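All chains, please: the whole structure from these sequences, using the hints.
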Amino acid sequence: MRISSFKKYFQVAKTSWSGGFVYRLNFVMWRVRNVVQLIAIYFLWFAVMSRNPTAFNYSTSQMLTYILGTSIIRALVFGQRSIDAQGEISSGDLNNYLVKPISYFRYWFSRDIADKLLNILFSIGEITILLFWLRPEIYLQTNPLMLVSFLLASLLAMVMYFYFSFLISMTTFWIPEENGWPQRFFIFVILEFFSGGLFPLDILPPAVYAVLGKLPSAYFLNTPLQIYLGRLDLSQIVTSLFMMAFWIVVLRLLANRTFRKGLKIYGAYGR
Amino acid sequence: MQAMMYKADFMIWSLVTVGWIFLNLLFYQFLYLNVTEIAGWTKPQLLVLLGFYFVIDFFLWGVLWQNMRKIPEIINRGQLDLVLTKPVNTQFLLSFKGIGFDDIHGLLIGLVTIVYALSIGNIKPSVADILLSTAALGVALVYIYAAWFITVCAAFWFDRIENLHLLFPSLRQIWRVPQPFYKGILQKILTFVIPATLVTTVPAQFLLRKPSLPLFITLIIFAVVSLKLSTWVLKVALRHYSGASS
Amino acid sequence: MKDMSVISVRHLKKYYRVHEKEPGLKGSIRSLFTRKYTQVKAVDNIDFTIEEGELVGFIGPNGAGKTTTLKVLSGLLYPTSGEVSVLGFNPWDRKAQFQKQFALVMGQKNQLWWDLPPMETFILNKEIYEVPEDQFKKTLDKLIELLDVKDILKIQVRKLSLGQRMKCELIAALLHNPKVLFLDEPTIGLDVVMQKVMRDFVKQYNRQFKSTIILTSHYMGDVKELCERVIIIDKGKILFDGKLQNVIDRFARNKIITVVFSRDIDQRKLAEFGNIREYQFPRAKINVPRKDVAKLSAKLLSDFPVADLVIEEAPIEAIIREVFTGKMKQTNA
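From first to last, the protein sequence lines stand for chains Y, F and A.
In this note's numbering, each number is its position in the first sequence, counted from 1, plus 4.
In this note's numbering, each number is its position in the second sequence, counted from 1, plus 68.
In this note's numbering, each number is its position in the third sequence, counted from 1, plus 1205.
Simulated from the structure, these hints should not be mistaken for lab results.
Keep in mind that this is a model prediction, so the values were computed, not measured.
One or more of the hints may lead you astray.
Cut-off 25 Å, straight-line C-alpha distance, at most; resulting in silico cross-link-like pairs (DSS-like, lysine-lysine) [claimed, not checked]:
#	chain 1	residue 1	chain 2	residue 2
1	A	LYS1401	A	LYS1448
2	Y	LYS18	A	LYS1342
3	Y	LYS11	A	LYS1364
4	A	LYS1241	Y	LYS265
5	A	LYS1415	Y	LYS265
6	A	LYS1300	Y	LYS11
7	A	LYS1300	Y	LYS265
8	A	LYS1246	Y	LYS18
9	Y	LYS11	A	LYS1218
10	A	LYS1415	A	LYS1401
11	A	LYS1241	A	LYS1300
12	A	LYS1218	Y	LYS265
13	A	LYS1246	Y	LYS268
14	Y	LYS268	A	LYS1218
Printed below as a string of structure tokens:
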């Protein structure tokens, strides 16, 4: 990207960032919802591990670290802003962007980045408070290779989810009802159970994990956190990273194709 | 009711709800594959709690939701006058007008889950237990209604909080887990300040023949106080509204 | 070096294959699997060219094809067939070079960020269009002055009135000095005062910045005020392309004589002269065929006690309405 192009998207992120502060109450409410969920799941697992300290092949510190970690990784991977694209497509506001010299994907990615940054900051703050309050044993990864892989995996997961989520948004080209929320909720439900947000996926029976672990959803939360906890050996890590890169390529291709196709039918309903 | 209008839409949303319930149940099943009890709660016991969670969810989304969602809209779009001029109690109108029973399968599955869990756990509550449990559920629902209503009334003072009506329901994650699981100050807060944990735990405890009178009484107190508070808050809000009205 | 028109449209057709869809979610999903297609001819073989600096009005009833044409010109829709060229570009390619030179303002669709002051959107657009800093300042200042919005730039858009918002929307759209401006129903929803402000602005902008402007409207007021040249579209076809005055000459069957009587008269006798549009003593309005205007006027003056007599064109709204409903045939007035 040329410098002038980069400036463009940087400004998008900047504007999005200031937009985020305007309704502090809204944002605080969003964080409250996240914290409440975290607390409930944390105490569920705390109870599980309290009398079964090695349940599911996890040490207590590993499990609790996993659960608390989901909060931060969620903030990075599951950015919420670009979900608004589905409303724009559904309502026809997309037209405003189509006539401008700006890439719609990059535009939303920039907005997501601003949003993710804010959420990560808050998440780290919340976790810090919880750590002081609850004082759980935490697993601290020290192996630099693991840490780097973890970071890499998280970033790849972020990009992967961006295209994945955008594909869901783009269903509104064909199914515009209720601004795309039915299909979005459907995906939320799937992700809640299959991405590793409620529980690490490898607690499932091996037969089940063999299948679920290969789905793209597993890479969003489960994989990066497993890497952090050192539960994957090097070959598994490399495989995972490759798979994620592969998924990014596939999803990106699909997203571009779908967008072009969607645009072709876009005008037909007077939007 | 309005969801019923588009029968097919209703079916699709139902699919999402049922799918979610089903996955929840699966999750709990998997949990107990590896352990036999969690902090003293066996699988049947936890499933009973989960059943109540589903039942209450039905009440949240299938009964109260449509109205609660509209209240901030009504306030912010100046449609409140239409409501105020009707010869029906305002709070009642706002809360229950056009009430329907969407997502009733949540209720059914919840009840089935409870019955199923009781049977596999070989738990046989007496008639008194069942009555008390139902009463406790009723009290819990009163509390939920009142507390939700109060939070939604914040729209009188703060306009343009998107999703204000989703603030209170976000607490539902809390009562997915039994009250004793929470520890420390957090447990005290979630029991005696915002009794979210009691909403499922107290009704479940009666059926499970492990009742806790103090918790039940706490829940009752909160239900009554919240209900009175909700009426009072509305009154104050309306005074503020007509004072500030343009 | 103006050997080609700014906008050139030849044999443009835009047909939609619309599939009938049951309403609701089920309908959408079902239509993914089975479809019943019908063809809608939104634009059916139209030709026109527009030169630099022209201010052209597209008028037609709803569904006539005006908005579709604008969308094709701005690259939002691709033509079924035909050639379209705007500023030498094929709009559907949506090249950045092209997009930087035009602007599209749609009456109902806002581009200002709702929760932020308009200034934030301006700055954003500046970056998107890669407008140099000094040019940005100059243009912005000029537009702010023209529209008189200096005081509201730091207020959140959602707190602005509709009129203020529309003004800022215009600024946001014009910051990059587009050579071509497409305005789709720009005065819709505005009160009379704001409509005038909008029209004055468009006229001034056209004059000062020499941009080429196409505006679509179903308000005759917009077109009357602004456009020398008018293109009448209905059912995807162009019915007329030329000076507004010529519409009258070509299509108007009647003129209107307004008479003011000085004494009471027999209304029935008046009816012999022509179709009485209005009668409220002492004033009457009569429709008379164009060719008979002079004769009938003279007769009125001689047969009745007339205090005043005025001859006017039928309101252009009525003329155009009749064009659409096909009642009009061209006359040789």
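How the hints compare with the structure:
Of the supplied pair hints, the one linking LYS1401 (chain A) and LYS1448 (chain A) holds, its CA atoms being roughly 22 Å apart against a limit of 25 Å. Our distance criterion of 25 Å between C-alpha atoms is met by LYS18 (chain Y) and LYS1342 (chain A), whose separation comes to about 20 Å. For the given pair, LYS11 (chain Y) sits about 29 Å from LYS1364 (chain A) by alpha-carbon distance, which is inconsistent with the 25 Å threshold. Proximity of LYS1241 (chain A) to LYS265 (chain Y) is assessed by CA-CA distance (about 19 Å); at most 25 Å being required, the pair is judged to hold.
With a C-alpha separation of about 37 Å, the suggested pair LYS1415 (chain A) and LYS265 (chain Y) falls outside the 25 Å cut-off, and the hint is violated. About 19 Å separates the Cα atoms of LYS1300 (chain A) and LYS11 (chain Y), which keeps this hinted pair within 25 Å; it holds. In summary, the hint linking LYS1300 (chain A) to LYS265 (chain Y) is supported, as the alpha carbons are separated by about 18 Å, within the 25 Å threshold. The suggested pairing of LYS1246 (chain A) with LYS18 (chain Y) is violated, with an alpha-carbon distance near 44 Å, which exceeds 25 Å.
Restraint check for LYS11 (chain Y) and LYS1218 (chain A): not satisfied, since their Cα atoms lie roughly 39 Å apart, outside the 25 Å limit. The suggested pairing of LYS1415 (chain A) with LYS1401 (chain A) holds, with an alpha-carbon distance near 20 Å, which does not exceed 25 Å. A C-alpha spacing of about 35 Å is found between LYS1241 (chain A) and LYS1300 (chain A), which places the hinted pair above 25 Å, so the restraint is violated. With a CA separation close to 20 Å, the supplied pair LYS1218 (chain A) and LYS265 (chain Y) stays within the 25 Å bound.
Using a Cα cut-off of 25 Å, the hinted pair LYS1246 (chain A) and LYS268 (chain Y) holds, with the two alpha carbons roughly 16 Å apart. With a C-alpha separation of about 15 Å, the suggested pairing of LYS268 (chain Y) with LYS1218 (chain A) holds against the 25 Å cut-off.
Hint violations for this structure: numbers 3, 5, 8, 9, 11, all remaining hints satisfied.
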